[in-house]
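Asker: The lines below spell out each chain.
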Amino acid sequence: MIMNTKNGVEAFKKIFNDGNYKEEVEFETQMLALSFLSSIEKEAEKQNVNRKQLAKKVGTSASYITQIMRGNKIPNLKILAALGIALNIKFNIVPVEDIQASRRDFDEYTSGVKFDSSRIKKMSFEHEEKIRRINKFRPLSICKG
Amino acid sequence: MIIEGIFRNTITRDLYEEYSEYPGTATMKLSKGSDNYRIYCKIERFTEKDSTKVKQIVLVRLHHKKDQKLSKKEINILSSIQNNDYEYKKWS
Chain A
0 MIMNTKNGVE AFKKIFNDGN YKEEVEFETQ MLALSFLSSI EKEAEKQNVN RKQLAKKVGT
60 SASYITQIMR GNKIPNLKIL AALGIALNIK FNIVPVEDIQ ASRRDFDEYT SGVKFDSSRI
120 KKMSFEHEEK IRRINKFRPL SICKG
Chain B
0 MIIEGIFRNT ITRDLYEEYS EYPGTATMKL SKGSDNYRIY CKIERFTEKD STKVKQIVLV
60 RLHHKKDQKL SKKEINILSS IQNNDYEYKK WS
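Protein chains in written order, with numbering that gives the first Met the number 0: chain A, 0 to 144; chain B, 0 to 91.
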């Protein structure tokens, strides 16, 4: 069976999610934590910081880091902030829709295909602002500052 | 959670990993420790006519991994996943 990722995910949700509110909250909590943690993981890799070193910087154990990376435990905001400080990165939480809209504007602006040049003068400030915002953002719900 | 994490591109390596030594394969890590169950997957990437980039994941085999390193059995699974072609049908 073939499915594109979007309708595939929807299909999986339909099968496994019975619409239970508590489960949905739990699931979204884990996804939110994962958004932070995947960024932390990538940054730690980039800086050649292993799990043990990271745990030491944060003042916790490597096994705790593994547990949160696996989704077995949900990290609190203090731990997330500490991980960010340890790797010298800051995070913002913004609605996904805002980022998607900004990315669409950015694509339109940079592609030059759909963009009407007569609008540039009028909109340049607005777009510069958007581009500034996009540059601050990473493409998902959690953005590195 | 793993599927959604892959879709959102926010997955950690503790949950999902693509094998660079065996291109086109990946593993979903369902649990760790004594019950180290994994689903080995085939990964295919292509671009559709409308330039949409597609990453196709086939969940091939559920396996109980017993060692940290890849055993012969696991290497065989990954090699067969690499060599096998799958027939896909449209989702409706």
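Don't take each hint at face value.
[Said to hold, decoys possible] Far from chain A by the CB rule (all over 10 angstroms, computed), these chain B residues:
id: 1; residue: M0
id: 2; residue: E3
id: 3; residue: I10
id: 4; residue: T11
id: 5; residue: D13
id: 6; residue: K65
id: 7; residue: K68
id: 8; residue: S70
[As the list claims (entries may be wrong)] Beta-carbon label-pair distances, calculated as ranges:
id: 9; chain 1: B; residue 1: S19; chain 2: A; residue 2: G58; range: 28 to 34 angstroms
id: 10; chain 1: A; residue 1: N47; chain 2: B; residue 2: E17; range: 18 to 24 angstroms
id: 11; chain 1: B; residue 1: E17; chain 2: A; residue 2: T65; range: 45 to 51 angstroms
id: 12; chain 1: A; residue 1: P94; chain 2: B; residue 2: R44; range: 35 to 41 angstroms
id: 13; chain 1: A; residue 1: T28; chain 2: B; residue 2: N8; range: 24 to 30 angstroms
id: 14; chain 1: A; residue 1: A80; chain 2: B; residue 2: E43; range: 26 to 32 angstroms
id: 15; chain 1: B; residue 1: E16; chain 2: A; residue 2: I84; range: 38 to 44 angstroms
Since the hints were derived computationally from the structure, they do not count as laboratory data. The beta-carbon is built from N, C-alpha and C at its ideal position, and this holds for glycine as well.
Asker: Hey, is E3 of chain B genuinely clear of chain A, shortest beta carbon separation above 10 angstroms?
Answerer: Its Cβ does come within 10 angstroms of chain A, the nearest being 6 angstroms, so this is violated.
Asker: Just checking, S70 of chain B versus chain A, shortest CB gap more than 10 angstroms?
Answerer: 22 angstroms, holds
Asker: At the C-beta level, are P94 of chain A and R44 of chain B separated by a distance inside 35 to 41 angstroms?
Answerer: 29 angstroms, violated
Asker: Is the nearest CB of chain A more than 10 angstroms from the CB of T11 of chain B?
Answerer: 5 angstroms, violated
Asker: Are all beta-carbon distances from K68 of chain B to chain A longer than 10 angstroms?
Answerer: Holds, because the least Cβ-Cβ distance between K68 of chain B and chain A comes to about 18 angstroms, which exceeds 10 angstroms.
Asker: Taking the CB of E17 of chain B and the CB of T65 of chain A, does the distance hold inside 45 to 51 angstroms?
Answerer: Check failed, 19 angstroms falls outside 45 to 51 angstroms.
Asker: Within 38 to 44 angstroms: is that where the Cβ-Cβ distance between E16 of chain B and I84 of chain A falls?
Answerer: Taking Cβ atoms as reference, E16 of chain B and I84 of chain A lie about 27 angstroms apart, which means the hint is violated.
Asker: Holds or violated: 28 to 34 angstroms for the Cβ distance of S19 of chain B and G58 of chain A?
Answerer: With a Cβ separation near 33 angstroms, S19 of chain B and G58 of chain A satisfy 28 to 34 angstroms, so the hint holds.
Asker: Was K65 of chain B rightly flagged as not at the interface, with every chain A Cβ beyond 10 angstroms?
Answerer: Holds, because the least Cβ-Cβ distance between K65 of chain B and chain A comes to about 19 angstroms, which exceeds 10 angstroms.
Asker: Could you tell me whether the CB distance from T28 of chain A to N8 of chain B stays inside 24 to 30 angstroms?
Answerer: About 18 angstroms separates the Cβ atoms of T28 of chain A and N8 of chain B, which means 24 to 30 angstroms is violated.
Asker: If I take the minimum Cβ distance from D13 of chain B to any residue of chain A, is it greater than 10 angstroms?
Answerer: 4 angstroms, violated
Asker: Is 18 to 24 angstroms a correct range for the gap between the Cβ atoms of N47 of chain A and E17 of chain B?
Answerer: 21 angstroms, holds
Hints 1, 2, 3, 4, 5, 11, 12, 13, 14 and 15 from the earlier list are contradicted by this structure; the remaining hints agree with it.
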